[in-house]
Amino acid sequence: ETVLRQAIAERIKPVLFMNKMDRALLELQLGTEELFQTFQRIVENINVIIATYGDDDGPMGQIMVDPSIGNVGFGSGLHGWAFTLKQFSEMYASKFGVEVEKLMKNLWGDRFFDPATKKWSNSQSGTAKRGFCQFVLDPIFQVFDAL
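With the first letter of the sequence shown counted as 1, position 84 gets the number 84 in the UniProt record's numbering; the numbers rise by one all the way through.
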């Protein structure tokens with residue numbers, strides 16, 4: 001909190017990197033939804049601190065961290081890999097015929113994709129699964145399961 005407060009005071013726009021994903025997958029063995037909820041809680045906690053010390057009307061403007069705008073990274077320093085939602089969106093954009101920015105919004109928060117209907121929605125129903133879990137975490141889990 002102290003470092004974040006100091007950065008805001010010095011007009012440095014914050015970014016967030018969530019490290020040790022390897023540990024969450026291998027040691028803690030969290031499921032995709034549990035891992036998403038953990039990440040979402042961290043983002044919310046950081047944004048509470050930013051809201052406390054930041055000024056949306058100040059010279060830096062809105063400085064909240066949000067994976068769907070690309071200022072949050074995820075990865076493993078130990079294993080030397082990292083990503084943002086923009087990277088995953090760029091991979092999937094041509095497959096779905098969707099703009100990268102629009103897809104980024106669907107890969108975070110309460111956005112669910114139903115493979116049966118090929119439609120996005122704001123609520124989980126039927127075979128719909130959270131976008132972040134289905135398109136980001138599932139492929140990473142598959143790689144780790146193969147190790």
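No wet-lab data here; the hints were simulated from the structure. It cannot be assumed that every hint is accurate.
The list that follows gives simulated cross-link-like pairs (lysine-lysine, DSS-like), each with its CA atoms no further than 30 Å apart [said to hold, decoys possible]:
1. Lys86 x Lys102
2. Lys86 x Lys20
3. Lys86 x Lys119
4. Lys105 x Lys86
5. Lys13 x Lys86
6. Lys95 x Lys118
7. Lys102 x Lys118
8. Lys95 x Lys105
9. Lys129 x Lys95
10. Lys129 x Lys102
11. Lys118 x Lys129
12. Lys119 x Lys95
13. Lys105 x Lys118
14. Lys119 x Lys13
15. Lys129 x Lys119
16. Lys105 x Lys13
17. Lys118 x Lys13
Practice prompt. Provide an ascending list of the numbers of those earlier hints which the structure does not satisfy.
Written response: 14 and 17
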